[in-house]
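Novice: Put together the whole structure using the sequences plus the hints.
Position 149 (the sequence shown) corresponds to 149 in the numbering used here; numbering is contiguous.
Fair warning: there could be bad hints in the mix.
What follows is a set of in silico ranges between Cβ atoms, one per label pair, in the way DEER data are often shown [stated by the list, open to error]:
hint	residue 1	residue 2	range
1	Thr138	Ser21	45 to 53 Å
2	Ser19	Leu108	51 to 59 Å
3	Pro157	Leu89	56 to 64 Å
4	Ile20	Pro50	55 to 63 Å
5	Ser21	Ser139	49 to 57 Å
6	Ser21	Ser103	41 to 49 Å
7	Ser19	Glu136	46 to 54 Å
8	Ser21	Arg105	39 to 47 Å
9	Ser21	Ala126	43 to 51 Å
10	Thr77	Ser98	16 to 24 Å
11	Arg110	Arg147	12 to 20 Å
12	Ser19	Thr102	52 to 60 Å
13	Ile20	Thr138	51 to 59 Å
14	Pro22	Arg110	50 to 58 Å
Keep in mind the hints are simulated off the structure, nothing from the lab. The C-beta atom is built at its ideal place from N, Cα and C for all residues, glycine as well.
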Amino acid sequence: MAVSAIPTEATPRVGRSRSISPLIGAVSLLIIVGVVLAFIGLRRPTAAYPLHSPQRAVQTYLDRLQSGKVDQAYRMTVLTPDYPADTSLAGFHRQWDSWSQTSHRITLVRSNQSGGLASVTVDVAAFTPTDLPSSEQTSRVTFTLERLHGTWYITGPSDLYIQ
Numbered sequence: 001m002a003v004s005a006i007p008t009e010a011t012p013r014v015g016r017s018r019s020i021s022p023l024i025g026a027v028s029l030l031i032i033v034g035v036v037l038a039f040i041g042l043r044r045p046t047a048a049y050p051l052h053s054p055q056r057a058v059q060t061y062l063d064r065l066q067s068g069k070v071d072q073a074y075r076m077t078v079l080t081p082d083y084p085a086d087t088s089l090a091g092f093h094r095q096w097d098s099w100s101q102t103s104h105r106i107t108l109v110r111s112n113q114s115g116g117l118a119s120v121t122v123d124v125a126a127f128t129p130t131d132l133p134s135s136e137q138t139s140r141v142t143f144t145l146e147r148l149h150g151t152w153y154i155t156g157p158s159d160l161y162i163q
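Specialist: Rendered as structure tokens:
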């Protein structure tokens with residue numbers, strides 16, 4: 001006596017479950033691709049300034065401060081003894097050690113160069129973690145620079161403190 005297989009509620013239909021699997025896979029892939037594209041789209045690339053330019057020097061200086069490399073940023077400065085703040089490394093640390101605890105966005109406004117002197121003006125936006133929609137404070141800062149032996153050094157502003 002032959003037994004025939006008659007599909008019942010207890011017997012799953014293999015054909016139908018196989019047709020849903022590619023659909024679920026495709027939807028999952030689209031979601032993953034969408035998230036990756038959104039993430040990439042939200043990230044702004046860092047501006048690339050010419051290697052030995054005053055703009056690049058200011059960018060490097062602020063990047064070092066943002067990443068907590070205060071000693072390296074200090075070595076990019078030439079501050080005269082008549083500078084109004086403490087020009088020692090310890091004084092520089094007191095001024096800048098906490099700067100990396102806040103996120104910043106730097107926007108170049110303008111730059112001028114005449115021989116071995118330059119000025120670079122930037123907007124520095126500081127983001128403070130709050131629930132308020134406008135948690136951004138922006139300061140406009142003009143850095144003065146001097147080129148010594150082919151390298152640009154930060155010489156000012158006189159109040160090098162930035163938000």
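Novice: What are the numbers of the hints that this structure violates, sorted from low to high?
Specialist: Hint 3 is the one this structure does not satisfy, whereas the remaining hints hold.
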